[in-house]
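Going down the list, the sequences are from chains A and B. Heads up: the first sequence is residues 1 to 253, going by the numbering used here. Heads up: the second sequence is residues 254 to 452, going by the numbering used here.
For the record, the hints were derived by calculation from the structure and aren't laboratory data. Worth double-checking, as some hints may not be accurate.
Which bits of chain A does chain B cover? Going by a derived footprint, with three or more residues having C-beta under 8 Å, they are [stated by the list, open to error]:
1) 119 to 129
2) 144 to 158
3) 189 to 199
Backbone N, C-alpha and C fix where the C-beta goes; we use that ideal spot for every residue, glycine too.
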Amino acid sequence: MLTKRIIACLDMDAGRVVKGVRFKNLRDAGDPKECAAAHARDGADEIVLLDITATSGNRRTLLEAVRSTARSLFIPFTVGGGIRQLEDAAAVFEAGADKIAVNSAAVRDPALIGKIAGRFGSQAVVVAIDAKKVNGSFEVFVAGGREPTGREAVRWAREAAACGAGEILLTSMDRDGTQVGFDCDLVRSVAEVVSIPVIASGGAGSARDFIEVFGEGRADAALAASIFHFGMENIAELKRELNDAGVPMRWPC
Amino acid sequence: MIAIVDYGAGNLKSVRKAFEYLGAEVEVTARSEVVASADKIVLPGVGHFSSLQALENAGLRKPLLQGISSGKPFLGICLGMQWLFEGSDECHDIAGSRLFPGKCRRFSPSVKSPHVGWNSLAIQPGSRLLRDIAHNSFVYFTHSFHAPLVTETAAVSEHGLKFAAAVERDNIFGVQFHPEKSGDAGLTILKTFCEVRRC
Numbered sequence: 001m002l003t004k005r006i007i008a009c010l011d012m013d014a015g016r017v018v019k020g021v022r023f024k025n026l027r028d029a030g031d032p033k034e035c036a037a038a039h040a041r042d043g044a045d046e047i048v049l050l051d052i053t054a055t056s057g058n059r060r061t062l063l064e065a066v067r068s069t070a071r072s073l074f075i076p077f078t079v080g081g082g083i084r085q086l087e088d089a090a091a092v093f094e095a096g097a098d099k100i101a102v103n104s105a106a107v108r109d110p111a112l113i114g115k116i117a118g119r120f121g122s123q124a125v126v127v128a129i130d131a132k133k134v135n136g137s138f139e140v141f142v143a144g145g146r147e148p149t150g151r152e153a154v155r156w157a158r159e160a161a162a163c164g165a166g167e168i169l170l171t172s173m174d175r176d177g178t179q180v181g182f183d184c185d186l187v188r189s190v191a192e193v194v195s196i197p198v199i200a201s202g203g204a205g206s207a208r209d210f211i212e213v214f215g216e217g218r219a220d221a222a223l224a225a226s227i228f229h230f231g232m233e234n235i236a237e238l239k240r241e242l243n244d245a246g247v248p249m250r251w252p253c
Numbered sequence: 254m255i256a257i258v259d260y261g262a263g264n265l266k267s268v269r270k271a272f273e274y275l276g277a278e279v280e281v282t283a284r285s286e287v288v289a290s291a292d293k294i295v296l297p298g299v300g301h302f303s304s305l306q307a308l309e310n311a312g313l314r315k316p317l318l319q320g321i322s323s324g325k326p327f328l329g330i331c332l333g334m335q336w337l338f339e340g341s342d343e344c345h346d347i348a349g350s351r352l353f354p355g356k357c358r359r360f361s362p363s364v365k366s367p368h369v370g371w372n373s374l375a376i377q378p379g380s381r382l383l384r385d386i387a388h389n390s391f392v393y394f395t396h397s398f399h400a401p402l403v404t405e406t407a408a409v410s411e412h413g414l415k416f417a418a419a420v421e422r423d424n425i426f427g428v429q430f431h432p433e434k435s436g437d438a439g440l441t442i443l444k445t446f447c448e449v450r451r452c
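Bound-form chain B, shown alone (with noise of 0.2 Å):
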């Protein structure tokens, strides 16, 4: 069962219907239990930074990161990849579970933001989760803030600068695009998803 963290950041039902579509069991779900039965786990959301406060106020913060620690394939969206680093400059007080160095950044005043609309991914060798999509694959973003370039980035997109689109180490996925809203190649990633075995 694939667990799909509900804390109230946004409109999780697109990302269900996907997984669904794909023939996955999923649990939309806000309770610790749950996340930390399931095999594997996905971290949604969209919006403000700040919203992540209420993965701590909901006590999800320590079974995500036992989860993590244990192995279990786990895939941040947006939000929830963002979450993967120490922080963003969007909220300073929330801290992110720092298990990627950096903090995300907000987009350079000469270019429209926030970046929404569908830009290519630069996929970097070696990457699982992007293996089955085409190098220069197109899909769906809508953010404002970006997160940095690290050594464990799976793939590049621009908008007036470079920034880190895709990101993984060992179980822990993360992407900053929408693949439940990017047509094929989306659907493609998540199914990836679903046959990635834990570490």
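In isolation and in its complexed conformation, chain A is listed as follows (with noise of 0.2 Å):
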């Protein structure tokens, strides 16, 4: 049986992890390989690495990150922040990751999606989307959660799917980093209309959440970071809890 994947999500800034409140108040969490290689020992079923600031100028810095990262991980890797264009993906692949995940640049130019699922196959597309409660509804929001789009996260997550993404990686920004448990109408509105998994990100605080976005959420998979992180949650533990309480897992590893 398929099992709930567990995702560790390492957000980086200048080549360190780091972690913020509602996409704020930066905290250093430590070396992204050694983060990477701890919480896959832990028993993550997948490392996210996220480059929150991309700038042009920390380009070489992600790249060597994703390198040094790749080096010794033998769990699926997902790279993310600053892919504009099919040439950025491919950098990034061939420092050593397995899919990217693009989610201001597939905004502004959704063909981009299908021009590297052409190349890498869609398997190697995550689109990341950003979604924010607006007047009942969710809208899309861009560049690191600053730019609203007047986008519905539904429809594009659908238009997304269609144009070739793999997978789609799906944040609260209302729950980020928040820890009071993922926004499970906003996942399940889309999980419910697109064939391709569906990862829920934002809120992650408890095993609890998991259950919750996993059963009445429907998500496919489920990233968190501060927990991780701070040592609040140990992966391995959290395995545990939910696999006692019937949630397919990996576990053990």
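Dock the two chains into a complex; use the hints.
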């Protein structure tokens, strides 16, 4: 039976893993390579590395971090942040990523999804969507959550899937870093209309939150950062608890 | 030397990296003479079945089949395993190698497709490739089409229906999942392949 995935996310700024609350107030959480290896040992099913500043000056730092992290990582490894064109994606794959995550650039130019999928396969293209509740519906934001787009999240997810995305990484900006639980309404509304896997993100705080997002939220995978970095919830403990609660898990790993 | 056949279908870096991590001597190649001189052959690949056309275009089909019939250990990964069958509903114009009977089919619409994530392996008795991993070990899959169950099935997985997650006969091995992305279980499988002797 296909298991639900627990994905550890590393937000990176200038070569260091950081974590904020609602996309702000960044705290240092360590070296990407060491964080990734520690999470993999603990039972993470995948690692996502997001370059959250993604300025052009940071590209070299990002590629270096991808290279050193990928070297001894033997679980799926996704890299995102600042991928604006096919060449950016190619450089990240060349450095050792298995999948890339595109966000702002895909909103600007949805054809980019198909271009990357055409060369590297749909399985290698994750479309990341940052959504925030505005006037009762979920609106897509880009540029690290700074710019509203006027697009509706569910409709954009469906379009991204049609363009060739292999997975949707759906982040609730309202819940990011708050540890008050995933936004199950948001996740379910997307998971019900796309046939590709949906990764829920934003708000993980306890094992109960994961049980809810896999059940009520219909998520295929759930991603968390804060709780893992600061040792509040060990991945191994979390997976054992979810397994005991009847959620299909890769456990023991 | 293990030849990792590069026919432009996807990213071969992780396959190469995993073998190198295990200390194997590998060469990523698109040249038929390198394939012919290798001790073992790995055919990776992700994506659409039609990308196997590139094997024909590069003149690699013949050296692959010659290598296999000479008894060299061969490992097909993902699309590389599907190539071992007669073909796929994904693309009727491209023939597989027909080393195993049957065609690859799409997953039922009642389950999520592509099948992405970690699933367990019901390992069949006598498998040589999977001898060192535990029954029900989890491995990482990402695919939309699946190979049929055949008498040479070495492991069965389930996603809406049961399908062949691994096949093997003599020197020919195929895995639908990605051992290079399957943590310790996957590395163990690749290590076993490194140790397999030619027939």
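Cross-check of the supplied hints:
| no. | hint | in the structure |
| --- | --- | --- |
| 1 | 119 to 129 | holds (count 5) |
| 2 | 144 to 158 | violated (count 0) |
| 3 | 189 to 199 | holds (count 3) |
Of the numbered hints listed earlier, the single one contradicted by the structure is hint 2.
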